[in-house]
Amino acid sequence: MKLKLRVWRQPSAATEGKLVDYEIEGVSQDSSFLEMMDVLNEKLIHEGEDPVAFDHDCREGICGMCSMVINGIAHGPKAAVTTCELYMREFNDGDTIVVEPWRAAAFPPIKDLVVNRTALDHIIQAGGYVSVRTGSAPDANNIPIPKDDAEISMDAAACIGCGACVAACPNSSAMLFTAAKVSHLAMLPQGKVERYDRAVLMVNQMDAEGFGGCTNIGECEAVCPKEISLDFIGRLNRELIAGTFKAAGNR
Amino acid sequence: MTTQESSDSKFEVKLGSTKLDSRVPDGPLAEKWDKARFANKLVNPANKRKFDVIVVGSGLAGASAAATMAELGYNVHCFFYQDSPRRAHSVAAQGGINAAKDYQNDGDSIFRLFYDTIKGGDYRSREANTYRLAQVSNNIIDQCVAQGVPFAREYGGTLANRSFGGAQVSRTFYARGQTGQQLLLGAYQALSRQVQAGKVKLYPRSEMLDLVLIDGRARGIVVRNMISGQLQGYAADAVVLATGGYGNVFYLSTNAKGCNVTASWRAYKRGAFFANPCYTQIHPTCIPPAGEHQSKLTLMSESLRNDGRIWVPRKPGDDRPAKDIPESERWYYLEEKYPAFGNLVPRDIASRAAKNVVDAGHGIGPLHNGVYLDFEEAIGRLGKKVITERYGNLFEMYKNITGENPYEVPMRIYPASHYTMGGLWVDYNLMSTIPGLFVIGEANFSDHGANRLGASALMQGLADGYFVISYSMGNYLGGTKLEKVTPTDPAFTEVKREVQARVDKLLSIQGDRTPTEFHRELGKIMWDYVSMARNEAGLKKAITKIAALREEFWEDVKVPGSGDDFNQSLELAGRVADFLELGQLMALDALDRNESCGAHYREEYQTEDGEAKRDDEHYAYVAAWEYAGDDSQPLLNKEPLVFENVKLTQRSYK
Amino acid sequence: MQATSALTLYRSTIGKKVIMAVTGLIGIGFLFFHMYGNLKIFLGQEYFNAYAEGLRELGAPIFIHGHLLFLMRVVLLAAVILHVWAAWSLWLKAHRARPQSYEMKRVVQANYASRTIRWGGLVVFFFILFHLAQLTWGVTNLPGGFDRTDPYSNVVAAFQSPLVVAFYLIALFALAFHLYHGTWSFIQTLGLLHKRWDRLVRLFALLMAIVIPGGLALVPISIIAGFI
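Chains as they are written, first to last, in the working numbering: chain A, 1 to 251; chain B, 1001 to 1654; chain C, 2001 to 2228.
Quick caveat, the hints were computed from the structure, so don't treat them as lab data.
Ideal Cβ placement from N, Cα and C applies to all residues, glycine included.
A couple of the hints might just be wrong.
[As the list claims (entries may be wrong)] So, partial list: chain A residues that the calculated Cβ filter (under 7 Å) puts toward chain C:
| hint | residue |
| --- | --- |
| 1 | 44 |
| 2 | 211 |
| 3 | 222 |
[Unchecked claim] If you anchor each label on the Cβ, the simulated ranges turn out as follows:
| hint | chain 1 | residue 1 | chain 2 | residue 2 | range |
| --- | --- | --- | --- | --- | --- |
| 4 | B | 1380 | A | 141 | 35 to 43 Å |
| 5 | B | 1500 | C | 2103 | 37 to 45 Å |
| 6 | C | 2007 | A | 151 | 32 to 40 Å |
| 7 | C | 2201 | A | 139 | 57 to 65 Å |
| 8 | A | 151 | B | 1380 | 17 to 25 Å |
| 9 | C | 2103 | B | 1230 | 42 to 50 Å |
| 10 | B | 1384 | C | 2103 | 56 to 64 Å |
| 11 | C | 2007 | B | 1046 | 39 to 47 Å |
| 12 | B | 1384 | A | 79 | 20 to 28 Å |
| 13 | A | 19 | B | 1385 | 42 to 50 Å |
| 14 | B | 1511 | A | 19 | 27 to 35 Å |
| 15 | C | 2070 | A | 19 | 22 to 30 Å |
[Stated by the list, open to error] No farther apart than 20 Å at their CA atoms in a straight line, the calculated lysine to aspartate or glutamate pairs in the EDC-like style are these:
| hint | chain 1 | residue 1 | chain 2 | residue 2 |
| --- | --- | --- | --- | --- |
| 16 | B | 1505 | B | 1494 |
| 17 | B | 1558 | A | 50 |
| 18 | C | 2105 | A | 209 |
| 19 | A | 4 | C | 2046 |
| 20 | B | 1558 | A | 47 |
| 21 | A | 147 | B | 1154 |
| 22 | B | 1484 | B | 1154 |
| 23 | A | 78 | B | 1404 |
| 24 | B | 1010 | B | 1631 |
| 25 | B | 1541 | B | 1551 |
| 26 | C | 2195 | A | 49 |
| 27 | A | 78 | B | 1631 |
| 28 | A | 147 | A | 221 |
| 29 | A | 2 | B | 1292 |
| 30 | B | 1558 | A | 42 |
| 31 | B | 1505 | A | 50 |
| 32 | B | 1201 | A | 209 |
| 33 | A | 18 | B | 1396 |
| 34 | A | 192 | B | 1608 |
| 35 | A | 43 | B | 1556 |
| 36 | A | 43 | B | 1631 |
| 37 | A | 43 | B | 1512 |
| 38 | B | 1558 | A | 49 |
| 39 | C | 2093 | A | 23 |
| 40 | C | 2195 | A | 148 |
Based on the sequences and whatever the hints tell you, model everything.
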């Protein structure tokens, strides 16, 4: 395949970025999108140019590191995959492909396609856990959990924290991410003890990080590689409203 | 490296003079851990906050260790190269985690888990460590459930189990195919809680490039800030390495692209012994490479072998599509060779068999680099619906990657490097040969011997992190007089200078080949000579070739950009440089071990049936390699393995 | 940590959304009855004017003439102010949340209504101002003048102008989209939505989006077409 790439290049956070055009030939249909980027980078190094910086790690769709907006869609045109799971057979010979980073104030740029997503960690740190210290757990089978609840919890827990929801959201909202963690824990008896504190504290942190508010548009759900449902946002809303009326979150 | 003499000296093994003390407590096996815990010195609760501990790595072992030590009151500093602790490669483990809960009432026990693990490791691990692992396995499950890990459940609300990796009891706990992810998120959440409490400081996008010793003790690390490029020293009272395995030495592996040996290797060069580097596990069911562009390999769950039949065409070079090859011309080589276990033989045997048939010209696919895993018979027997229920998501994943529909054409699979049992040598307390340097998780060598059983890696990482390191740390800090040090100490300045010189050197060469090209070439050498089947000639060839490649690397590598900003090529170059040195040691270790055991298979040492043949008389030891300078051969120190509770037997899967 | 209670709801983005949802619900309720009331115009001048006057009698005999209507107007005004304030502050936050926009952005599943909710809201807001100026305050020049005691004539006079009717129809069109997303959205924001009922709720939203603007549109259309 022969492709024309338009890649966002930004040497550092302090400098302005722009789209730069590259031509690339001999791309295998069987290579992943990131492998295509590898080929481009090898070429750039040989030509004495700076290779394109991009985040990636596991390359099997689970670590959540890869993060590219491809032709205007977070993680590219194929549904329910991460960028690393996107294969070049989804494209046609001669295509022009625009590659941009996640864009949000809460994800400041680092270089080229690499952005800083620690804001998502801060949201978890605000309350996305069960406060149980090592050693103080009862026997694992002491608390039976209905299978359906465990399944719903797992649906939410499948979030990989990539931030595609934020990238796709017209408001740059992190609601789906926050909702996934709140729902994962609120579905389980272990997590119910702190559920209202958790919802209030995490939402406060989410707002403080500079993410936008949710307007129920649903682009997050559409690009989520793990198909996290909008339902969880409804659940978060419920938890937050109840938590506010209970004056939770005063830790 | 060009003359015969200098090549020969590369194969020579010199013995070291260190007597390795495993510090295993006396007494009956089942009481050792209790005894150790009682004998351990404690740190007064009010004094814990006076100690700083560095943890490198944020996977299962690192995150759980950091969280647990912070809960106890230590000031923990956690470094990792990813942008969030949640991305460490533990996240990718699919299958599950073992524990001796015996919830299924099927005859499991701590002793049985211990026994299976030590036998699975082909009697090359330390009894006491492995037993402790089995003991704390139950606490791990309790802990994870309390954290909110959504394990699979029965309708009655109790935890579900499955049998995994050929175990005869159902002791594996799982969360769909994402057990590693869920366990890591549990540890990550515990860690996040301690960050909020102010007891853990996180250092994302930070790569440890060296270890700093003061008065012979580990007192800190030198780290490169991957965003600014700045080198920075961090001082502490103890250092814990939880930096994972070195499977990426093969270039193509199931590891994440960033996984590397650098932290361990730097520690090795500062005096920590490297144990059993040749023990590397090759996983039999991965998707074969599709071409030169291939950057990593994807593992398909081993459970596929429950229903899939493995075959190749009988005639070498048969290029007909699978459906055109009649039944009589298909070679179900595993079923033929191992009638009792068939397609379900252990990982190492399945992997080796696949390599043998491919090497003999039976390989299938466009590159002739795989074997078929065929579901036609299973679909006929069980119906497509059942197969979809069992493997639907795996089939989807396969289809996404290869573009082929496994419901219609057989899957193509081939083995890939997956896990490394070897690692830095540690004693019973998980301390390396450098006082104050602890090594946990896959980075150490301790519990799996020469081969790891399925669903045991997660268990070991969390055992070390949640339940062992905190005791060891108390014992070390409570029993050692440590002067306060700061990063302004001359020792830090000196190490930083050395690291800077190395970075500058990498950037100054400006040769013709990229770090990736060197990595790929190293991987090919390792795969050809130091992977599933090894022999003396091949290993010697590997050592010579790697030495030459290493030399070429330092003359011809091309690293673009500067050291003062975000530079992924520079990161990779540093890692490849260390892999080049490690590769040589792996081959040397494999060459020295004149036996076959577990994943280490030497063609010269096989039974009449072609199975691994151990030599317990001469090789029942841990090979702990001691660095002796860049221009000298490393020294081999042996820790004899004593088996008081299990009888050594030959594995048989006929 | 900051204290929270029901009174601090407005601080969080979700709280602001809840305010939008509740005030939006008040708006939907008002619009429905407004639409229903407007249709009485088909029953003739006398009936319609009596209805308009009757509105002031609402709540009798407990409320004095005009008091409940006044109260309702206050609530409605408060709802509009809060709705606009919350929308404005959320828009501001969203605007700040993406300082650098995409060079290329594609929509995957979002519908038109959801993406234009703010623009639709803006159109509706200006429409309301015009509508009130024309038919409540009587500040625009109606042919034949504005008679506070004869709303029927006022309405008929107003809709003689094709320009006015066109503006009304455009605004009602915007309102339809606003209502379609708004109805579904308030249910989601209040956490009442469940995936299983999603189709039903979408249908309900569609119904609202057709019935309310449709009913309201009947009046200007009928007048300019000469039916009234």
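Structure-based check of each hint:
Evaluation of the residue 44 of chain A hint against chain C yields a violated restraint, the C-beta minimum of about 20 Å exceeding 7 Å. The restraint placing residue 211 of chain A at the interface with chain C holds, with a minimum CB-CB distance near 6 Å, inside the 7 Å limit. This hint holds: residue 222 of chain A has a C-beta 4 Å from the nearest C-beta of chain C, less than the 7 Å allowed. Between residue 1380 of chain B and residue 141 of chain A the beta carbon distance is about 39 Å. The supplied range of 35 to 43 Å therefore holds.
A beta carbon spacing of about 39 Å between residue 1500 of chain B and residue 2103 of chain C agrees with the range 37 to 45 Å that was offered as a hint. Take residue 2007 of chain C and residue 151 of chain A: their Cβ atoms lie about 38 Å apart, and the range 32 to 40 Å holds. Between residue 2201 of chain C and residue 139 of chain A the CB atoms are about 42 Å apart, so this pair departs from the stated range of 57 to 65 Å. As the Cβ distance of residue 151 of chain A to residue 1380 of chain B is approximately 31 Å, the hint placing it in 17 to 25 Å is violated.
Taking 42 to 50 Å as the suggested C-beta distance range, the pair residue 2103 of chain C and residue 1230 of chain B does not conform, at roughly 32 Å. A C-beta distance of roughly 45 Å is found between residue 1384 of chain B and residue 2103 of chain C, which places it outside the suggested range of 56 to 64 Å. Taken as a hint, the range 39 to 47 Å holds for the pair residue 2007 of chain C and residue 1046 of chain B, whose Cβ atoms sit roughly 42 Å apart. The beta-carbon spacing between residue 1384 of chain B and residue 79 of chain A, approximately 23 Å, falls within the hinted interval of 20 to 28 Å.
Taking 42 to 50 Å as the suggested C-beta distance range, the pair residue 19 of chain A and residue 1385 of chain B conforms, at roughly 48 Å. In this structure the hint that residue 1511 of chain B and residue 19 of chain A lie 27 to 35 Å apart at CB holds, the actual value being about 31 Å. Between residue 2070 of chain C and residue 19 of chain A the Cβ separation comes to about 58 Å, which falls outside the hinted range of 22 to 30 Å. Only pairs whose Cα atoms come within 20 Å are accepted, and residue 1505 of chain B paired with residue 1494 of chain B is accepted, the gap being roughly 17 Å.
A C-alpha spacing of about 12 Å is found between residue 1558 of chain B and residue 50 of chain A, which places the hinted pair at or below 20 Å, so the restraint holds. For the suggested pair residue 2105 of chain C and residue 209 of chain A, the alpha carbons sit about 23 Å apart, so the restraint of at most 20 Å is broken. Restraint check for residue 4 of chain A and residue 2046 of chain C: the C-alpha separation of about 72 Å exceeds 20 Å, so the hint is violated. Straight-line distance between C-alpha atoms of residue 1558 of chain B and residue 47 of chain A comes to about 11 Å, which keeps the hinted pair within the 20 Å bound.
The hinted pair formed by residue 147 of chain A and residue 1154 of chain B meets the criterion: a straight-line CA distance of about 6 Å does not exceed 20 Å. Between residue 1484 of chain B and residue 1154 of chain B the CA atoms are separated by roughly 53 Å; this puts the pair beyond 20 Å, and the hint is violated. Annotation: proposed proximity of residue 78 of chain A to residue 1404 of chain B holds, straight-line Cα distance about 17 Å (limit 20 Å). Distance hint between residue 1010 of chain B and residue 1631 of chain B is fulfilled; the C-alpha atoms sit about 10 Å from each other, no more than 20 Å.
For the hint linking residue 1541 of chain B to residue 1551 of chain B, the alpha-carbon distance of about 16 Å falls within 20 Å, and the restraint holds. Straight-line distance between C-alpha atoms of residue 2195 of chain C and residue 49 of chain A comes to about 50 Å, which puts the hinted pair past the 20 Å bound. As the CA atoms of residue 78 of chain A and residue 1631 of chain B are separated by approximately 52 Å, the hinted pair breaks the 20 Å bound. Restraint check for residue 147 of chain A and residue 221 of chain A: the C-alpha separation of about 24 Å exceeds 20 Å, so the hint is violated.
Of the supplied pair hints, the one linking residue 2 of chain A and residue 1292 of chain B holds, its CA atoms being roughly 17 Å apart against a limit of 20 Å. Annotation: proposed proximity of residue 1558 of chain B to residue 42 of chain A holds, straight-line Cα distance about 11 Å (limit 20 Å). For the given pair, residue 1505 of chain B sits about 18 Å from residue 50 of chain A by alpha-carbon distance, which is consistent with the 20 Å threshold. A distance of roughly 19 Å separates the Cα atoms of residue 1201 of chain B and residue 209 of chain A; the hinted pair therefore holds under the 20 Å criterion.
A threshold of 20 Å between alpha carbons decides the hint, and for residue 18 of chain A with residue 1396 of chain B the separation of about 37 Å lies outside it, so the pair is violated. Under the criterion of a C-alpha separation no larger than 20 Å, the hint pairing residue 192 of chain A with residue 1608 of chain B is inconsistent with the structure, at around 60 Å. Between residue 43 of chain A and residue 1556 of chain B, the direct Cα distance comes to roughly 17 Å. Compliance with the 20 Å bound is thereby established for this hinted pair. Taking the CA atoms of residue 43 of chain A and residue 1631 of chain B, the gap is about 35 Å. The hint is violated against a cut of 20 Å.
For the given pair, residue 43 of chain A sits about 12 Å from residue 1512 of chain B by alpha-carbon distance, which is consistent with the 20 Å threshold. Annotation: proposed proximity of residue 1558 of chain B to residue 49 of chain A holds, straight-line Cα distance about 11 Å (limit 20 Å). Restraint check for residue 2093 of chain C and residue 23 of chain A: not satisfied, since their Cα atoms lie roughly 39 Å apart, outside the 20 Å limit. Restraint check for residue 2195 of chain C and residue 148 of chain A: satisfied, since their Cα atoms lie roughly 15 Å apart, inside the 20 Å limit.
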